[in-house]
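J.: Going line by line, the protein sequences match chains A and B. Under my numbering, the first residue of the first sequence carries the number 342, and numbering increases by one thereafter. Under my numbering, the first residue of the second sequence carries the number 350, and numbering increases by one thereafter.
Just so you know, these hints were derived from the structure itself, not from any lab. Any given hint might turn out to be false.
Said to hold, decoys possible - Straight-line Cα separation of at most 30 Å, DSSO-like style, residue types lysine-lysine; simulated pairs:
#1 A:K489 - A:K412
#2 A:K489 - B:K412
#3 A:K412 - B:K412
As the structure is a computational prediction, the values presented were derived from the model and not from experiment.
Given next are the chains, with one letter for each unit.
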Amino acid sequence: MPCPSCGVDNIAGSDYCDNCGWDLHQTDIPIPQDAVEELFLHHPVREIVTTQPVTIGPDASMSDGIALLHKHRVRALLVLDEGALVGILTEHDTVRALGVGQSGASMRVAEVMTSAPFTVDSDAPVGLAAKRFLVDSVHHLPVVEGGKILGIVAMGDVLEALIAVLLGETES
Amino acid sequence: MPLFTTPVSALVRRPVTRVEQTAPLREAVEQLRQAPSRCLAVMDGERLVGLFLERNMIKHCYKAGVDEGTPVQAVMTAPLVSVRPETSVVEALRLMDTQRIRHLPLVDEAGALRGLIRGRDLLEYVAEWLPQAILNAPEHLAPFDATEGA
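Chain A extracted, bound-state conformation (with noise of 0.2 Å):
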């Protein structure tokens, strides 16, 4: 059978590749034809991800989660409770949520964030990503290693490596 990856041809039934070491397993990974596939194929999560995501708790007020998302300029906190992922809160729940003038002092993060938001594997590849982007409408996934946060990967770290890509492919 051949490599997914390399092309080499293998025994039938080989656990891995002779010449790259490739889990044959996965027998329906296909091989990428360009540098975009190659990204959404073979490039994990890992390689994007924001590691240093800015985290609420739930009990927080969506004053401070206002405050933070404006300081900090991100479009999305991780909510923590205890370390534990309980929830996102974005751009998108709080303009939802609150009405032009209110400070959301009286509210908490709890009220307003997505609760039990899909997250992603730090493994997991690139192209896995885009899938939830696109198939979920999200704009955000925590990203997960080992069962602990990691961080956060946006749509707009996908679109960052997606143009260097092609811009990369046009200029070769």
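Go by the hints and put chain B onto chain A.
T.: Quick look at chain B alone, frame taken from chain A:
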């Protein structure tokens, strides 16, 4: 992907929601909440003068004393970077990259708004060109472990 020959207008996926620059924030916010592109084109008649984004709300609208009757032009993002609809996708990408923008209005020679490109539209365009198997690949990359089975 024919990035040099495809006009950026081919990436337009959704209609742009427009609001007049003198509209009060209370009206603009209601429109923003409903807008499929999560932003509004702020117009002076037929001329595009700015964008009203969720970011503008976070920055300006949750302070005590901000009046719902404030015209949207007071808090919108302006001036704008825009391109002609016939601009190539690759030129649009360069602009989005160098200017670090994720919303790019398309304006024709006469100054009329012809559409709006968002980062998501670019992602959708690329996804349409990819083989289905790429986005359906397994959820975990499994690096070769030389010690396994030793």
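J.: All the hints need checking, so say for each whether the structure fits it.
T.: Structure-based check of each hint:
1. A:K489 - A:K412: holds (26 Å)
2. A:K489 - B:K412: violated (35 Å)
3. A:K412 - B:K412: Holds: K412 of chain A and K412 of chain B sit about 14 Å apart, inside 30 Å.
Hint violations for this structure: number 2 only, all remaining hints satisfied.
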